[in-house]
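**Q** Protein chains in written order, with our numbering: chain A, 1 to 317; chain B, 1 to 317; chain C, 1 to 317; chain D, 1 to 317; chain E, 1 to 317; chain F, 1 to 317.
Check before you lean on any hint, since a few could be wrong.
As the list claims (entries may be wrong) - Once the Cα atoms are required to be at most 30 Å apart in a straight line, the calculated BS3-like pairs of lysine-lysine come out as: (1) F:K232 to F:K181; (2) A:K181 to A:K232; (3) D:K103 to D:K181; (4) C:K103 to B:K103; (5) D:K181 to D:K232; (6) F:K103 to A:K103; (7) E:K103 to E:K181; (8) E:K103 to D:K103; (9) F:K103 to F:K181.
The set of hints was computed from the structure by calculation and includes no laboratory data.
Number of protein chains: 6
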Amino acid sequence: MMSTNPQPIDAALIPRFAGLPSFMRLPVFSDPAEVQIALIGVPWDGGTTNRAGARHGPREVRNQSSLMRKVHHVSHIAPYDLVRVGDLGDAPVNPIDLLDSLKQIEGFYQQIQQAGTVPLSVGGDHLITLPIFRALARQCPIGMVHFDAHSDTNDRYFGDNRYTHGTPFRRAIEEGLLDPKRTVQIGIRGSIYSPEDEAFAQDCGIRVIHMEEFIELGVNQTLSEVHNVVGKQPTYISFDIDVLDPCFAPGTGTPEIGGMSTREAQQLIRGLAGLNLIGADVVEVSPPFDQGGITALTGATIMFELLCIFAQSLTTK
Amino acid sequence: MMSTNPQPIDAALIPRFAGLPSFMRLPVFSDPAEVQIALIGVPWDGGTTNRAGARHGPREVRNQSSLMRKVHHVSHIAPYDLVRVGDLGDAPVNPIDLLDSLKQIEGFYQQIQQAGTVPLSVGGDHLITLPIFRALARQCPIGMVHFDAHSDTNDRYFGDNRYTHGTPFRRAIEEGLLDPKRTVQIGIRGSIYSPEDEAFAQDCGIRVIHMEEFIELGVNQTLSEVHNVVGKQPTYISFDIDVLDPCFAPGTGTPEIGGMSTREAQQLIRGLAGLNLIGADVVEVSPPFDQGGITALTGATIMFELLCIFAQSLTTK
Amino acid sequence: MMSTNPQPIDAALIPRFAGLPSFMRLPVFSDPAEVQIALIGVPWDGGTTNRAGARHGPREVRNQSSLMRKVHHVSHIAPYDLVRVGDLGDAPVNPIDLLDSLKQIEGFYQQIQQAGTVPLSVGGDHLITLPIFRALARQCPIGMVHFDAHSDTNDRYFGDNRYTHGTPFRRAIEEGLLDPKRTVQIGIRGSIYSPEDEAFAQDCGIRVIHMEEFIELGVNQTLSEVHNVVGKQPTYISFDIDVLDPCFAPGTGTPEIGGMSTREAQQLIRGLAGLNLIGADVVEVSPPFDQGGITALTGATIMFELLCIFAQSLTTK
Amino acid sequence: MMSTNPQPIDAALIPRFAGLPSFMRLPVFSDPAEVQIALIGVPWDGGTTNRAGARHGPREVRNQSSLMRKVHHVSHIAPYDLVRVGDLGDAPVNPIDLLDSLKQIEGFYQQIQQAGTVPLSVGGDHLITLPIFRALARQCPIGMVHFDAHSDTNDRYFGDNRYTHGTPFRRAIEEGLLDPKRTVQIGIRGSIYSPEDEAFAQDCGIRVIHMEEFIELGVNQTLSEVHNVVGKQPTYISFDIDVLDPCFAPGTGTPEIGGMSTREAQQLIRGLAGLNLIGADVVEVSPPFDQGGITALTGATIMFELLCIFAQSLTTK
Amino acid sequence: MMSTNPQPIDAALIPRFAGLPSFMRLPVFSDPAEVQIALIGVPWDGGTTNRAGARHGPREVRNQSSLMRKVHHVSHIAPYDLVRVGDLGDAPVNPIDLLDSLKQIEGFYQQIQQAGTVPLSVGGDHLITLPIFRALARQCPIGMVHFDAHSDTNDRYFGDNRYTHGTPFRRAIEEGLLDPKRTVQIGIRGSIYSPEDEAFAQDCGIRVIHMEEFIELGVNQTLSEVHNVVGKQPTYISFDIDVLDPCFAPGTGTPEIGGMSTREAQQLIRGLAGLNLIGADVVEVSPPFDQGGITALTGATIMFELLCIFAQSLTTK
Amino acid sequence: MMSTNPQPIDAALIPRFAGLPSFMRLPVFSDPAEVQIALIGVPWDGGTTNRAGARHGPREVRNQSSLMRKVHHVSHIAPYDLVRVGDLGDAPVNPIDLLDSLKQIEGFYQQIQQAGTVPLSVGGDHLITLPIFRALARQCPIGMVHFDAHSDTNDRYFGDNRYTHGTPFRRAIEEGLLDPKRTVQIGIRGSIYSPEDEAFAQDCGIRVIHMEEFIELGVNQTLSEVHNVVGKQPTYISFDIDVLDPCFAPGTGTPEIGGMSTREAQQLIRGLAGLNLIGADVVEVSPPFDQGGITALTGATIMFELLCIFAQSLTTK
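Bound-form chain A, shown alone (with noise of 0.2 Å):
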C-alpha cells in the first residue's frame, strides 16, 4: 500500500534548505532488503587520469536533490508511491588504493544485488561501473544504454595501467559482464588520441551514435535505435555527465564542448521507459569545478528521471 513507502520529506512543510540531505531527502536505509529500489554514492576518483573532484560527487548531488519533489510533471509518474525508495548510503572506497576500491565496491553491491534491489548509484568517476557491473552481471553479460562524450573502451594509461575512467568498458566487455551487442553509446564527441581509439567499439560491435550522429537522428530515432539494440534483456543504464554540453554541466573532469542539452537527454531519459532495467548510474560531477551546484543539480535530476522509468519498469514486471 502507498502510505507505508518511504516518502522524501514535504519542501511545503520543511524547507529544503533544513536537515541533512539525503538522496531526495529520501530516509536512510543500511539494509537493501528494505527498499526496491536504492541510492546509492559512490566518491571514488581513483580512476581519474586528469582533474580529479568526482569524489565529492555524491556529497553535492544529495544536496542539490533536496530541490526535487514527488510527482513527474510529463509522466506524472509518482515513483514514491509505486514503489519503496531509499538512500543507502555510499559504498565503501579507498581513496589511496584503486584496486582495494574496485574489490569493496563490488562487495557492497554483491549485497544489493543478493537483495534484490535495484541500484541507482551516483559516483564517483567512470571506473565505478566496471565493479558494479561484476556485482550485477556475474551471471550473464547486460546490455546497456550508455550517455558519454567518450566511448571509455581504451585500453591502458601512463605505461601499463589497465584500470582507469577510460577503459571501463573495455574491461568489461573483455570480462564478459558486457555484451557489446547489445550496447549503445550515445553523444560520443571531441578530439581523439588516434583513429584507433574507436576501432575497439565498432569491431566488438558496440553501436556507437556520435554526437553529431544524434543531431541528425533526433530524438525519437535514437530510442527506436536504442531500443532496437538493447532489446528486451536486461539493461544497465550509465550517464556520464559530460555527455552534456560543459554549458550545463561545467562541473566534470573532461568536459567537450558541442555536447547534448538537458533537454535532449531528458526526453532521451523518459523514452527509455520499457526496457529491462537492471540499474543505473550518473557519474563524473565534479563540485570542485563546478559552477554554482548547476551540475549537481543537473545530477540530481538526471537521477530523479532515471528513478521514475525505473520505478515504472518495476511496477510493470
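Go by the hints and put chains B, C, D, E and F onto chain A.
**A** Relative to the frame of chain A, chains B, C, D, E and F by itself:
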C-alpha cells in the same frame, strides 16, 4: 519631439563602467508623471520559500543594464525616441514584514497607475506581482502572458501561509485581479508536489503550455496561441527568469533544468508586439547565486526587449 | 563508560567526503534525552535586515565539520569520550513567517531543556538566540559571553519592527531572559547609526569591549574581565561569526573589517573553560556569500572548540 | 615524413596537468620557418572600450588546450601528421601604448608572413586583427569569414579615437586590407547605438548574417552563402568568442545573449574546409570574467577545429 | 546647521540593498560648490602594466559603501553632521587614450579645486593621482602620506613609457607637485626589479617605511614619524589598497603577500587626524579580481575612515 | 660572471601576462647540470586522503610566479646574479598508480642529485617529499625544518595503507632518511585523531613547535630553537602551505584555522639563512580550492623567499 525625451548616457562617449548605474543609464525621476514608461526595482524576496537573494536583483540588473544600447537590432525600434522612459528608483519594502511590504509596494504602484505611467519592474521574488496587480487591476481583471518554470498557483506553504512566491496567481485570481481565461503560462516544467498542483490552473481555465508542449509547438504556434488567449484587452507580462534554462540564468532561487533558451524567449517577446500592454516585470534574478553576472545581464536584456515592444505599443495606441 | 558514547565516523577508515554530513560525523538522534550535548541547526534568517543566506548555515557547517577530528590538540580534551554528543537535526522554522518561527524554535528548545540536554546550535541569523533564551532562561535570567561586531541591542527597524537580527538582546533584556550585568560583548566595531546606538547597552550595564579595547587588553586580560563579569551563574556563549575579520569569515551578512583573528577567538574560547555553561550558538554563517567554504569551516571549528569546553564543563560539574 | 613533425605531448603517457602549457602541448619555436602553421598569442586588450581582460586570453587558452587530443573525431583529420605545427609564443605588445602595440604586432606578423607560415592566433581583443591584416594583406585585400556578435565597423569612440576593438574592420577596409565584398559576418546581434551603426557595413557590401537570419537559414545554407561570398581567393577567419551565447562563453568583454551554440559554430567551421585560408584568429577570450575556464576551453577547441581545416587546406593546396 | 547637510539614506528605514548605490548612499551633486567634501570616482586603469580592472573600482566601492553607517564607533565623529558631503559622480576618462585621460581628469579636479572643495577619490589605478596633483598642487608642492606595497617611483616601462601606475610619484616630483621631503611611504614590500628601484626615492628624500620597519616600529611610532615628516603644510593621503595583505584585499592588480592588516591601517588613518589635509584617494581596487566584494568593502570602509578625519579637519581649521 | 646566468624575462619590458609561464619566467632546461638550483614541479596528489587537487599546483604556481621580480627587498639578495637557476619542468608521475609514482619521482631526483644540483620543488601533496628524500638522503639521514599544520607522521590509513600525505615522515624516519633529532616542526595545530597521534613524533625526538607555542615564542626565539635543533649538517626545508592560516592559503586540501601569517612565515624563512641547505619544497597548493589564485601566489612568493636563502647559501658555501 524626440530630442526632449530622456536619453541614456552614450557609451561611445562615457564608458559603460563610469557613473552610477541607473536602469539603462537613464535619468532618475521621482515623479512618475514625468515619464510614460517607468523602470522600477522591487528589491524584496520575503515570499521566497527556499533560497533568498532576489532582493539584490534590481541593483545588479541596473548594473548590467549599462551594457544595453539604444536601438533594437531586429525591429529597429528606438524606444527612447518614441516615448519618455526613466528610472523611478525602487518601490519601498520591508525585509522583515511580508504584509507590510505587500501594502507598501501596492501603494507605490497606485501612484504609478494614477499618473497613467506604464510600469516595467524588476524583482524581487514573484510575490511582488501580487501587489502590483492590486494597484493596476483594481477596476477590472487583466490578462497575463506568464513565462515561468512554475505555475505559481499553489495554495499554502508551511502550514497556513497564503502568501509566498509560489502562490501569487492563485491569490490574484481569487481577488479578481487576474482573469485566468485570459492567462497563458509558458515553460512550466520540473517535478511537482502532487498531480493536484496543476489542477487549480486547469480548473480555472489558465492555458498552460508546458516546456514540452512549447518545444513541439515552436515559437510561432505558441505565439498564435498566446494572442488567441489574451486577445486585445489589457494584458500584463510577467517574466520569471527561471523559465530560462539554468545555463542561461543560474542566478535564481528555484532553477529547473531543461528550460527555454534566451533565443526562444527573445523571439517570443518580440512576437508579443501588438498586445494591449499595461505593465510587465522580470523577477527572481538572484545575484548571490549568479555566475559572473550572466543572469542579471539576461534580465537587463529581457527588460530591453520588453521596453521596445512597450514603446511601440504606447506609440501606436 | 567511554565505549558506549556516540562516536564520529573515523576519517582514517572512511574518508571525509563519504556519507551524509551530520555535525562532526556523529550519529543523528531525535530524542534529546539520548545525549548530554545536542548539536542543533536552526536554518532561519527571517530576521536579517540586509543580505539573507544564514538559513543555509547549518547544512554547510555540517558539511565542513567532516574535517574535524576527535581530540583537541592543545587541551587534549576528547569530548566524545567524556560525554554523549549527537546531532539532533534542525529546529523547525518557517521561512515566510517570523513570529511563527520564533514560536516553533522556542518549542523545540523547550524539549531540549526539559531533557536536561545542553544545546550547541548553529544558525541562522542572530535573532534565533531570542527563542533559544525563551526556552532556556524562563526561570531566571542568564549571563552571556557575546562575540560579535555588533551589539545587537537596537530597538526598531523599518518603522516598527521589533524583531530583527539587530535587536535580540534588547528584547531578551526587556523580557527578563538576559541579565545585562552578567553580559559581556567582545569585538564590537564598525560605523554606527548614531551615538545613541551604544547608549542602551551601556545604560543597562552590559560590559562592552570594543575591538579596539580588546586589542589593547589582549586575550588574557579580556578573559579576566569576562570571568569577573559573568561569574559562576549559568552562562550562555553566543558567537556571531562576524566578530571575526572578513578575511577569516567572508560568508556573513554584515561584515566589518578590522575584526578578530581566528587565533584570538580560539584562545578566548579556550579561556572560557570553567564557566557554568548552559548553551551556546554560532550564528550568521551565510554560505551564499562564503568563499570556498572557509566561513563554514571556521564555524565548524569554533563549534568544536566550544564542544570541548562544554564536554569538560559537564564532566567536572 | 610524418614522424618528423612536431607532436603534442601524449596525455596517455604524461598527464594533462603536467608540464608547461604550450598551445596543444606542442613544442615551442622561435623561428617561424620551422613550422607551416604557427600558433601565436597576442596578449593585448588596449582597444577595449569596456571590460578589459583579453590580455590574459593566450595564457588561459594555452592552459585549457592541454585537454585537446590529436585527431578530429568527425573528419579524422590528424593535423600534426599532415603539417608542421608549433607554438611561436606571443607577439610583442605594450599594454600602455596603443599605437606602439599595433606597430609591434604588425612587425611580428611580417616575420610570420615572410617565412610563408600561416598564423593561427589567440587574442587579445579584436583590434589585434588590424595589425595582423597589415602584415598579411599588404599586397592585396583579403576576404574574411567573421564570426561575431558585433560588426566591429564603428568609426570613432570617446571623441576622436579611431582604433578600438569596435572599429578594426572599418579601418581595414579604409586601408585597403579587407575586401568588403568578400566579407561575411555571422551572428551579429544585440542592441545598437543607432540604425546608422549598420549602414557602413551594408554600404560597402559586407554580407551581414544577423543571428536571426542564421537561425532561419541554418548551418548548411549559411555555409553556401559563405562560400559564395568569399570564393576561392585568400581568406581569413576571425572568430570573436562573443559570437557564442554567453552560456558557452561567459568570459568575454561584451557578452550578448541569444547567441550561437558551440555545436553550430563547430559545424560552421568544419564547413569552411576547402577555402583558400591564409590565417585565423580567436579573440576576446577574457579570463577574469570567465567561469571555471569554460570560455578558454571553448577557445582552445575552436582553435583545434580551425587547425584541422587549415592542416587539410595546406596539404591539399 | 546640521539638519541642512546632505544625509545618507538611513538603512534602518530603507534597506541597504535598495536604491541606486551612490557613495555612502549620499545625494549626488554636479556642482562641487554645493559640498565641502566631494566623493569622486575615477574609473580608469589605463596606466596598469599587468592586470587591468581598477576601472570598475568606483562602481563596486559605491555598491559596498551601502554598508557604511553614519558615525565613527571610536572617535564618535559624525561626518555628515560636521560638513556637507556628497557624491560628485565620476571624473571623465578615456579608456583608449592615456594622455587624453590625464588631461580630462586634471580638468575635472581643477573645478573641484576652484570650488574650494576637498576631493576624496576612488580609483582607478594609481596613475590617477598624478592628474589630481596637477590640479591641486599647481601653486606649491604638497606633502603626502602614501600607503602602498610599491614606491611607484619607477621611471619607464616597455621602452619609453613614462606614465604608468608604477611612475606617478617620480613624475609628480619632477613636475614640482610633490615635495619628497614631506613625503612618507608606508608598507613598501615585495621583490624589486633591481636595487636601483629604491634609489630614486631615497635620493630625493622620501621617508620610506618598509613593511618590515613598520612591523618593528608599530603603529604609534610610525605615526610620530609621519607627523614629523609631513608637518603642518598641506598634505594629501594616497591609499593604494595593495598596502593591505592580499587576504584583506585580494581584488587588486599587483598583490604582495606579507602586508598590512586592516586593523593597522585603520589605526594609522585615525592617527592622521590633525594633519592639514587637502585631499585623499583610495586606488587599485580591482573588482574582477576581488572575492565576494571584500576588497571593495575594505575600500569603502577606508574611505569612511578618511572621511571622518577630513570632516574633523575641515571643522577645526 | 653574472651576465651569463639565466635571467627571468623582465616585466618592465615584456608584460607579466605574456608568454608561457615557467617558474619565475626563467628559461627551461632539461639537463640538471646546466643549473645550480633547479625549480621543479611534482604534479601529483595520489597520496591525498580527502580533497585532491594538488596535482594542479605546479602549473598555477608557475602562472602566479610571473609576479615575482628579481631582487629581495629586504636582504637585497639577487639570486639570479649569484647562481644559475632554471625551470627543470615536472617530475614524471602516474596519477593512477601510487607506487609507480613514488618510483618515478625518486628516479628523477636521483638525476638531480647526481648532477649536484639543488632542487627547489613545488607539489603535489606532501607524500612527494618521501621519494625526494629517497634520492637525496640515501647516504646519510638529513635534518628538516618542517612548516605544517600537521605532523604527517601517522602510520596507516584505510586499513593498511602506509603511503599517504599523512605518513611521509614516519616512513622517512623508518627508512633512515630523516634524522628525527635534527627535525623541527612548526605550526602544528588542529584537532587530532587521538592523543597517540603525537606520540610517535615525540618518542623519536622531533622538536614539535605547535602553533600555540610559536605564538608565545615569537619569530626570533623560534629561529634560535630551529638553528639549535638542525645545526650545521645537511638540512631540507619542507613548507606545507597549510601551515598558513586559510585566509592566506584557502587553496589546500586540509585547511586548519588559527594558522601562521605570511608575514611570520617570511620572517622565519629569512631567518633560515646560514643553514646547510640541500633542498626544499612547497607542497599542498591545491588550485581547485583556491580563491583568485591567492594560494598559488603565496606559494610562488614562498618559493622566491626560499630561492634567495638558497642562492646565498650556495654562494657562501
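**Q** Does each hint hold? Answer for all of them.
**A** A quick look at each hint next to the structure:
1. F:K232 to F:K181: Measuring from Cα to Cα gives roughly 13 Å; hence the hint holds.
2. A:K181 to A:K232: holds (13 Å)
3. D:K103 to D:K181: holds (27 Å)
4. C:K103 to B:K103: Holds. K103 of chain C to K103 of chain B sits at ~25 Å (cutoff 30 Å).
5. D:K181 to D:K232: holds (13 Å)
6. F:K103 to A:K103: Answer holds: K103 of chain F to K103 of chain A is near 25 Å, not above 30 Å.
7. E:K103 to E:K181: Given pair K103 of chain E, K181 of chain E holds - Cα atoms ~27 Å apart, limit 30 Å.
8. E:K103 to D:K103: holds (25 Å)
9. F:K103 to F:K181: holds (27 Å)
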